[in-house]
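For reference, the chains in residue letters:
2 protein chains.
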Amino acid sequence: MRKLYPLALATMTLLCPVFETSGDEGMYLFNDLPVDQLKSKYDFEPSQAWADALRLSSVRFNSGGSGSFISSDGLVLTNHHVASDTLHKLSSEDRNLIDDGYLAKSLDQELKAPDLELNQLVSIEDVTERVNAAVAKDASVADAATQRRAVIAEIEKESTDKTGLRSDVVTLFGGAQYHLYRYKKYTDVRLVWAPETAAAFFGGDADNFEYPRYNLDATIMRVYEDGKPAKLEHFLRWSDSGVSEGDLVFVSGNPGRTQRIFTVEALKFLRDSRLPYVLDYLRRKEIMLQQFGLEGAEATRRARDELFGVQNGRKAYTGMLAGLQDPSTIATKQARETKLRAAAESDPELSGTESAFAEIAAVQAEKKNMLGQTVTFRSRLFDLALTSVLRAAEDEKPNGERLREFTESGRESLVQDLLSTAPIYRDLERVKLADELARFVESRGGDNEWVAVVLDGKGPRERAAELIEGTKLDDISVRKTYLDGTLDDIKRSDDALIDLARKLEPEYRRIRTINEELDERERQAYAKITAAVSKLQGASGYPDATFTLRLAYGQVKGYMQDGERIEPATDFAGAFEHEAQHQGQTDFDLPPSWNQAKDKLDLSTQLNFVCTADIIGGNSGSPVVNRKGELVGLIFDGNIQSLTSDYLYTDQQARAVSVSGVGILEALRNIYGADQLANSIGK
Amino acid sequence: MRKLYPLALATMTLLCPVFETSGDEGMYLFNDLPVDQLKSKYDFEPSQAWADALRLSSVRFNSGGSGSFISSDGLVLTNHHVASDTLHKLSSEDRNLIDDGYLAKSLDQELKAPDLELNQLVSIEDVTERVNAAVAKDASVADAATQRRAVIAEIEKESTDKTGLRSDVVTLFGGAQYHLYRYKKYTDVRLVWAPETAAAFFGGDADNFEYPRYNLDATIMRVYEDGKPAKLEHFLRWSDSGVSEGDLVFVSGNPGRTQRIFTVEALKFLRDSRLPYVLDYLRRKEIMLQQFGLEGAEATRRARDELFGVQNGRKAYTGMLAGLQDPSTIATKQARETKLRAAAESDPELSGTESAFAEIAAVQAEKKNMLGQTVTFRSRLFDLALTSVLRAAEDEKPNGERLREFTESGRESLVQDLLSTAPIYRDLERVKLADELARFVESRGGDNEWVAVVLDGKGPRERAAELIEGTKLDDISVRKTYLDGTLDDIKRSDDALIDLARKLEPEYRRIRTINEELDERERQAYAKITAAVSKLQGASGYPDATFTLRLAYGQVKGYMQDGERIEPATDFAGAFEHEAQHQGQTDFDLPPSWNQAKDKLDLSTQLNFVCTADIIGGNSGSPVVNRKGELVGLIFDGNIQSLTSDYLYTDQQARAVSVSGVGILEALRNIYGADQLANSIGK
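Protein chains in written order, with full-length UniProt numbering: chain A, 1 to 683; chain B, 1 to 683.
No wet-lab data here; the hints were simulated from the structure.
Just so it is clear, CB atoms sit at the ideal spot from N, CA and C, and this is done for glycine as well.
Please note: incorrect hints may appear among the correct ones.
According to the in silico footprint, chain A covers these stretches of chain B (three or more CB under 8 Å from chain A) [stated by the list, open to error]:
no.	region
1	201-214
2	288-299
3	316-328
4	435-443
5	670-678
Straight-line alpha carbon distances no greater than 30 Å define the calculated DSS-like cross-link-like pairs of lysine-lysine that follow [unchecked claim]:
no.	chain 1	residue 1	chain 2	residue 2
6	A	K368	B	K268
7	B	K184	A	K268
8	B	K184	B	K397
9	B	K367	A	K367
10	A	K367	B	K458
Estimated spans, in silico, between C-beta atoms of each pair [stated by the list, open to error]:
no.	chain 1	residue 1	chain 2	residue 2	range
11	B	E295	A	D108	42 to 48 Å
12	B	Q561	A	D456	19 to 25 Å
13	A	D99	B	T376	53 to 59 Å
Start from the sequences, fold in the hints, and give me the full structure.
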């Protein structure tokens with residue numbers, strides 16, 4: 001699944017152009033579309049109106065995915081696995097939306113998501129000059145970071161004050177460009193329809209990242225304004241036919257993070273240190289959540305959404321690491337890099353290039369030392385405590401000096417998160433925190449001074465139980481008190497987790513400062529490398545992914561695998577055959593609704609298809625449109641061969657996997673009895 | 001489960017006395033029983049005949065557990081989870097002994113285990129003086145290790161030649177003593193009866209290491225000689241009643257490894273480095289085997305026995321680490337150590353003690369560097385290749401210079417292992433080897449010279465497929481050719497795995513030499529510490545566990561947990577109640593045979609009980625006997641509070657868990673229709 005796993009949203013967002021592109025590679029900025037390429041390769045010239053309509057019909061989910069507006073009365077299409085965070089939060093012991101799915105028969109049955117925020121990209125403005133002008137030429141790394149942060153906060157606040165829109169300055173091309181993105185926010189988002197997980201995630205972990213697939217990984221929500229369905233000017237019309245091999249298609253979504261510009265040394269750091277570290281982390285969480293689930297059906301339900309996310313991340317990172325461990329990958333990257341460095345060396349204007357490569361190598365060594373240096377415990381209750389403590393302290397500072405997430409332009413999103421009505425399960429929190437405390441001891445060593453602070457003389461399990469017992473942060477009104485209060489209120493608190501967060505605050509800030517300085521050093525180095533690439537290869541290209549809106553394009557196209565031709569599309573008949581072939585295997589039973597509807601279904605209707613468009617985690621839920629801008633599909637996965645696309649795009653076998661638009665309509669009408677909903681789509 | 005996880009059988013077998021004992025602590029040597037303690041604490045004086053009979057009725061399983069003779073015609077009792085390795089090897093797609101259990105209705109239905117070896121301890125001889133005399137006083141660490149190895153090989157060979165018995169010199173008390181153990185070997189071992197896993201492992205991973213329990217974790221085999229049931233002089237009679245609180249009981253079995261003598265620095269190495277490393281390893285294997293099982297029922301079956309072992313190890317090590325992470329554990333150990341060191345410092349004869357502590361600290365730092373330095377890939381086919389390559393090379397050397405496992409006294413066991421008829425699954429081997437190759441790249445870094453040798457320019461998965469494709473070592477006749485062949489035959493081989501093992505041999509030997517020298521340094525240091533303990537505290541005590549026969553004793557005794565009294569014994573009625581309470585949870589369904597027999601059963605019959613005896617992994621399958629030497633139980637687990645007993649015995653809450661002897665008989669008669677078998681037990 002191509003949802004963004006939270007780990008990918010590290011503090012660092014390094015964003016750079018690629019050295020060389022190939023095939024249908026590219027995640028293009030909407031203000032710098034590959035017009036010439038599309039013209040020459042596909043004889044297609046997107047009009048401004050075509051591009052604007054697609055951009056304004058696209059949305060970003062703050063939970064880590066993408067989506068699109070699909071009707072004039074606010075309907076939003078995304079993946080089931082993007083919505084599953086919300087489905088989980090709306091579920092309880094007595095209402096299992098994950099297992100059973102949901103269909104609102106009328107507006108009043110639509111269920112409000114506790115903390116979703118959808119962003120529609122309204123405008124993009126280049127603010128590079130203003131940002132650069134605010135950073136002194138001879139500033140130290142620390143000063144440069146501070147000055148840049150200050151001017152970015154200023155630009156964002158000005159924009160928010162003026163337009164009322166969410167305003168984010170996005171760092172592109174490794175710091176060579178800064179663009180101001182303004183978003184219209186939708187925070188009243190309601191669930192309209194979701195299928196059963198058995199249909200959405202048919203084939204489970206075994207089929208994840210595989211192809212051919214037969215998944216109805218789709219969910220429909222609706223955005224509201226002032227308590228009523230939003231009236232939308234821009235939304236996608238739907239194509240009433242399936243796709244054919246060779247069709248040109250476009251993907252408009254928010255790829256989370258790529259590392260295409262990474263130097264060989266940076267890739268080796270990923271290969272030898274960071275990815276193994278992340279995988280150990282994910283496997284640990286996977287086992288921990290599985291173990292928790294052994295306690296019974298309700299425990300299984302409580303842990304499941306997080307378990308799915310972890311398993312998905314583990315499989316994705318395993319594929320990424322496997323690609324890097326293949327010696328040919330580094331060899332390919334090394335050849336390109338050697339060529340670039342040789343060219344730069346003979347150009348006096350690019351004399352800083354070599355030192356930039358050296359700087360990146362030096363930073364990797366320091367990043368290795370920082371692995372596991374964290375005091376964020378990935379327990380929701382501790383996160384709330386730490387955020388509350390930091391918020392109170394940051395609010396004492398001028399806007400421009402605050403940590404990024406506490407500046408004024410982000411306040412509304414912060415409040416929404418802190419006051420979310422999503423349920424918090426104390427039993428699960430206790431187990432998660434105990435595991436994190438144990439991990440903290442492991443990563444620091446038991447004799448570390450901060451371990452003494454954290455454990456307070458007890459074992460991790462006992463201490464976690466005490467901390468969870470001693471907090472009231474699962475009560476929204478208590479969180480609101482802290483949110484409305486001052487630093488003094490925080491200081492006076494006797495909440496056990498607030499107390500711990502307070503004690504850990506200096507260490508948290510120390511680590512964060514080091515990481516931000518390392519990021520700044522990389523940013524400056526990659527900016528130099530980017531300049532060299534631009535000058536030598538005249539790259540317009542595209543910047544590495546930043547979880548902001550991009551356009552990718554490609555063809556619907558099958559491929560060869562183990563000597564066998566894989567057709568580009570599957571249909572409903574294939575789903576039933578796949579079920580029969582895997583009888584008795586976990587997650588290979590289609591839901592009863594499908595088997596009951598089998599006779600009514602047009603089994604030849606397209607269900608899933610693949611294309612060559614360049615996508616990555618975060619693109620989940622992206623609409624796939626044809627030349628006319630009509631929706632033909634819904635991105636939900638990449639195949640296993642695409643897992644290396646974080647750092648290397650290929651179109652040999654790598655494919656993006658979509659649910660077919662006609663498949664969604666067929667299922668709504670003939671499986672889920674949702675004719676009314678189906679009829680309102682695209683209108 | 002208290003079976004020995006293979007990881008515990010590291011090359012190092014450091015074996016030392018404890019500083020202080022408490023309660024019923026102790027795993028005593030049969031030639032140094034705690035006669036005075038038993039007399040004073042329990043008014044019990046074991047006669048020599050009592051002890052000899054118990055020793056000669058006890059057996060060790062080479063698969064990592066213990067057992068006992070229970071009839072004159074060769075019946076052997078052990079745990080289902082000790083036998084499961086054999087059950088797995090005797091199973092196929094069409095015969096699932098793990099799921100379905102087994103009952104031989106007649107001798108000709110008894111199924112021969114492919115590679116089991118049972119050892120009955122016939123005699124113990126102290127050879128300390130001869131071993132020490134062979135090591136020069138001023139020898140370097142490397143020379144001391146070599147000289148010691150040579151004399152041990154010599155002693156063992158002499159003994160084997162003279163007696164025909166398996167002869168092992170065992171290092172005790174950290175090298176302060178060396179004893180020659182002579183074993184009668186049984187290599188024709190056949191399966192008689194096993195229950196379904198649903199009964200043996202009722203409650204699954206969730207209940208593992210928990211109490212109260214309701215598990216029929218028992219299996220009965222039979223030893224044969226010359227193709228006929230062995231006639232046994234010594235076997236255990238069975239008590240015809242259950243146990244009562246306060247009963248004095250004895251456990252005769254083979255605890256695998258304890259670390260009670262470990263210095264604080266050695267424990268910190270476990271806490272901060274080794275156990276986290278092992279747990280990352282186990283979680284990785286757990287996920288890998290689970291993933292393999294997703295491919296279907298047959299894949300699940302193929303991976304299951306190993307998966308069980310890994311999960312069991314993961315849970316045990318998690319408990320061990322949790323104990324060490326509790327600051328009070330190290331504090332307790334530190335207090336004892338400080339006391340000892342202070343006393344030693346004021347004794348001129350013990351002037352070497354401080355330097356011994358320093359030496360152990362220094363060795364820990366080096367061991368940390370060696371973590372993950374391995375070229376043993378834990379794939380059966382690669383193991384066979386490496387063993388074949390080493391065997392050929394070692395056989396060119398005189399017996400005394402060979403690696404331990406290739407000396408003449410161990411030859412028969414080596415041959416049995418190499419020529420085992422246990423099935424080898426190429427699909428599972430491929431996946432396991434791919435994971436190990438990936439792990440090798442991770443632990444060495446992708447640029448390491450040995451990585452280039454191992455991968456040969458391919459990614460781990462591709463390379464593993466090529467290696468498994470290119471080997472014929474799953475064919476026993478091929479393995480026999482290598483076994484009968486010379487080093488030249490190995491050199492001429494074009495088998496892909498033999499070729500890889502040949503290339504890696506120098507690196508394997510380099511690593512092994514370093515590890516053995518580190519062991520030798522620790523051995524010498526612990527011997528000094530042991531001398532100090534003996535002089536200052538007059539300890540007779542017991543040596544750390546060595547997977548050799550020991551006697552432990554204790555009382556049948558309940559305990560308090562979370563303010564609640566836990567009764568010492570459970571019964572069949574409790575099993576059915578436990579099933580009802582956990583309806584719908586994985587592994588909480590008793591098998592159909594139990595539910596069908598419910599009306600016939602005497603539900604008040606004891607099923608499991610706990611006692612305070614000091615056990616550890618390897619004790620699984622040990623008989624529990626009463627004062628009269630009659631079998632009353634069968635050790636199969638320790639409770640979760642006992643998981644720290646590797647390094648710290650307590651009897652507050654820690655308990656050994658047994659299947660009740662009367663429970664086994666009740667099940668045989670009234671669930672499994674095995675009256676004839678039941679009637680022959682104890683006779």
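Okay, which hints does this one fail, numbers in order? Going through the list in order, the structure violates hints 5, 7, 13 and respects the others.
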